[in-house]
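In mature numbering (1 follows the signal peptide of the UniProt record, and there is no 0), the protein residues as written are -21 to -1, 1 to 238.
For the record, the hints were derived by calculation from the structure and aren't laboratory data. Mixed in with the good hints there might be a few duds.
What the hints assert, rightly or not - The list that follows gives simulated cross-link-like pairs (lysine-lysine, DSS-like), each with its CA atoms no further than 30 Å apart:
1) K147 x K86
2) K86 x K215
3) K147 x K215
4) K86 x K109
5) K215 x K109
6) K147 x K109
Claimed, not checked - Label-pair restraints from in silico Cβ distances:
7) H92 x L219: 30 to 38 Å
8) W171 x Q79: 41 to 49 Å
9) L227 x S148: 19 to 27 Å
10) S83 x E168: 35 to 43 Å
Even for Gly, the Cβ is constructed at its ideal location relative to N, Cα and C.
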Amino acid sequence: MKVVALYVVAFMAVLTRGVPGAVVQRQDGGILSTIIGGLSSVLAPPTSGSTDSRMLSSTLGSFTTILLPPTSFPSTSASASSSTTTVTTVSPSTTSIPDQECVSIAKYQGVYHGRFSEPCALLASACRSKISGGLADIWSDRTCVAAATCQGTYLTVGAAGCINPSIKSIGDDGQQSLNYNLYAEIVGECAWAPGGCPITQQNFIDFFYGTLSSIDSTVWPDVQRDVIELWWGSIKGWALTGDTVPYLNFNDWLHWSHS
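Whole structure, please, built from the sequences with the hints as guidance.
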């Protein structure tokens, strides 16, 4: 076994050759004593009951102690104190969600009683543009009034309220009355006569097509099916004033029909 010890010493020399302090600088504190203990167990005479294989295991155990990584390392407190760990916190997105009623209103612009009209949608778009530009009195603008007659007051006032919260806050019945100057444009000079005059079917047709012309529309509704039967017919049916609709009744339709 002394021969084994010599091999151990020779092997140690190979491990540490060219690496000054390779073993001594390991910080596990007891490595030199472990090596010495391992060599001692080889060089010492065997005790009662011991065998050469047990001495060989002790020697190999010493090798294991040498080859394993150290159980402790040089203090890193100095380097840790000089370094700073930066943690970046990302705030969650705050993307606003559109009001679902406004989404629905925008989806059905130009639709009345289940029928879509492209000319009506153009009027509704022109009305929204006016409101975006600062219009607050919607029944003083002919494009907004015309849009209401072809898609109803619910969509017209609703779309306006989605743009201007002050319009939404007062609702349909809180809007200003129909501007009488605009009413006079619809019915003509008789509006200024004592007692005024009601809107006729021809007044309504002229008003509607004239408003489309004012926004440079290139599409036109069917006069019989759309203008007379659907739009004008719906207003007359609500007002219940016969074939004509007076100012007060038309103004009430704008505020109370919720059509």
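Outcome of the hint check:
| no. | hint | result |
| --- | --- | --- |
| 1 | K147 x K86 | 18 Å, holds |
| 2 | K86 x K215 | 27 Å, holds |
| 3 | K147 x K215 | 27 Å, holds |
| 4 | K86 x K109 | 19 Å, holds |
| 5 | K215 x K109 | 28 Å, holds |
| 6 | K147 x K109 | 16 Å, holds |
| 7 | H92 x L219: 30 to 38 Å | 18 Å, violated |
| 8 | W171 x Q79: 41 to 49 Å | 45 Å, holds |
| 9 | L227 x S148: 19 to 27 Å | 25 Å, holds |
| 10 | S83 x E168: 35 to 43 Å | 42 Å, holds |
Of the hints listed earlier, the one the structure fails to meet is number 7.
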